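Starting from the known structure of chain A, fit chain B with the ligands onto it as the hints suggest.
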Amino acid sequence: MKELREHAKELLEKGEVSAVIGYSQVSEKRTKPIIVTDPQDTDQLVFNEYCLNNLAVYLTKARIKVSCRTKDKTLKLAVTAKPCDVHSVVALIQENQIHREDIHIISFNCHGVAKDFGFEFSGDNIASKCINCETHKPLYFDKIFGEEKETPKASDDAMERIQEIERMSHQERFEFFKNEFDKCIKCYACRAVCPLCYCQRCITDKTIPRWIESSSHMRGNFAWNIVRAFHLSGRCTGCGECERACPVDIPLSLLNRRMAIKAKKSFSYVSGRSLETPTLVGSFNEKDNDELFM
Amino acid sequence: MDEKIILKDDLLRICGDVIDKGHILLCPVMNEYSIVKDFSRIKLDASALPAGTSFKCYVFPKTEPVLYYKRSKSDVQLIDVNIDRKNIVILGAKPCDANSLNIMKHLFNWDYSDEFFNLREKNFIIIGLMCSHYDEYCFCTSVDSSPVSEKGSDIFLIPVDENKFAMRIITEKGSEFISPYAEYLKTGDENISKQITENVKLPKVAFDSNEVYEWLGENFESPKWEGIGNLCLSCAKCAFVCPVCHCFDIVDEDYSYTEGRRMKNWDGCQFGNFTMHASGHNPRDIQSKRYRQRVNHKFRYYVDKFGEILCTGCGRCSRGCPVSIDIKEIVSNCKD
Ligand code: SF4
Ligand code: SF4
Ligand code: SF4
Ligand code: SF4
Ligand code: SF4
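Protein chains in written order, with numbering that gives the first Met the number 0: chain A, 0 to 293; chain B, 0 to 335.
Hint data in this document are derived by calculation from the structure and do not stem from the laboratory.
Hints are supplied without guarantee of correctness; some may be wrong.
Some chain A residues close to chain B (C-beta under 7 Å, calculated; not the full set) [said to hold, decoys possible]:
id, residue
1, A188
2, V192
3, S214
4, H216
5, P246
Nothing here was measured: the structure is a model prediction, and the numbers come from that model.
Even glycine gets a Cβ: it sits at the ideal position worked out from N, Cα and C.
Okay, chain A solo, but in the shape it has when bound (with noise of 0.2 Å):
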């Protein structure tokens, strides 16, 4: 921890970053996001297994990048990303969002995070994503803190639920989706969380024509959540993030992970692991699979 502050402080004395986008401790067992600008509040800054939150998402935010521009040069943005959320940041380099000379990632050895906060963190209380994470080491980072330990033992339930969804028949898998699709209010905190649903106008904003209906009822929802699917497909990191938002517990993973395993089948590809591949919706090849084509 002391290591990261001064680290911060530093970019933030030598005027290299505008800011710090970091985590700082609520409670015992919860952080929150903090946006550190003043060399002097950089003691706020933690890092632990209750850092749930994927950071990436403030990068596009445009007061944010704003805050960068000085009279006479662009300053670096610095973000605190664990190796997860790193693959964020690699697919808005991707994709042309941000400049990865303009970022500076600080990242971490990583053992997992929990799933919720306020309770421990152990196997069993461990983002489903950490079950079966490949890179407790950042792909990327211009700096990296704290040691390597063993991540808790867990079973995989959601991939168990997926298998168990590709089981059933298309009239019990439609059954499926419509109770938990039901159940959506459009509040739109999984799209607000999310570090790839960066466009300016979203498409369910969209009202002349209005290509989604904005009423959360059986169609306006199943509208809403398969464009969202869909518009993730190829793209989506796994963070979890929109599941962990959904304030009515729509199991939004499953989706948005059943469509990365089919991208990966299907093209080898995996979202956000590579600065020098093309992303796999923005290039095309023609030996690419077809099957997929509606």
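Structure of chain B with the ligands alone, referenced to chain A:
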């Protein structure tokens, strides 16, 4: 005050009768108020935290048609909607939820009397349950309420032991509701329930709402809003889970060229396009202005208009905010 003692089993018998009569029974189950048919799901747990969502959707649904229309070349025909008039009995409402309808009622009867809200509200029986546990987000005691407040309840329950409740009959409506079940009610002893409520641990009063009111009046341009606005992600989760947030949007949905319906949908002041004008101008163009609106509406504008704070202190918005923005903390620390 009329105070009785009722056994839990007898209370459940009353529930059975409520359902037999074709009424809807709502109880906090898991993380929401749900329609209950199976009594084993009724917990009546005074130590539970407020459910993830309140029961507002039963009086002010997330989406509902307000009229249907048919169009021909020369004419538009409007067709009224039948509003469901079922009686709804809420068993085990948290004190912070029980008072929500009283607060919202002002808005829905301000310049226009909203039939949809009023009809449903009239058919609600709220059986409140004392609250014996709070967390870091609860602040009912800072907004003129408390875990033992009877405000908004027609009948109020206080757990005496595992199988018994003290029952206070608060309103005329409550007394009418319970009168057919007189056989289940035993004479209570006010001193016992009083002793219980007096011993309930209360969340610390976090702020003085009058001071917050004053501060808001003087600090419309405070730099604090910018700081919060940069962190807030502009979803409407806080508004949609709030028991008293009541903004809605009216949209027309065409089925075809000749038919359609007009919908009333939840809306939230944190959305960027909430105040977007047709011209493209947006008076609340950045998030800091929107968050400022949220706090002002709750602690100042509503007070000016209706003499009540638009907040029951349930803490849902903060407990659920994806970026842990805590409204209690913000208003408590407004002066620092
Ligand atoms: S998915 Fe991996 S990198 Fe991300 S929090 Fe879990 S263990 Fe850490
Ligand atoms: S869709 Fe959900 S899991 Fe995927 S990147 Fe967005 S917030 Fe994360
Ligand atoms: S967060 Fe959940 S309830 Fe809100 S819009 Fe997304 S799916 Fe619907
Ligand atoms: S305060 Fe939290 S819940 Fe409300 S709009 Fe902002 S991010 Fe969403
Ligand atoms: S503003 Fe927050 S604390 Fe107040 S009633 Fe609404 S959800 Fe509850």
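Status of each hint after checking the structure:
1. A188: holds (4 Å)
2. V192: Because about 5 Å separates V192/A from the closest Cβ in chain B, which is inside the 7 Å limit, the hint holds.
3. S214: With a minimum Cβ separation of about 4 Å from chain B (threshold 7 Å), the hint on S214/A holds.
4. H216: holds (5 Å)
5. P246: holds (5 Å)
Hint compliance for this structure: every hint is met.
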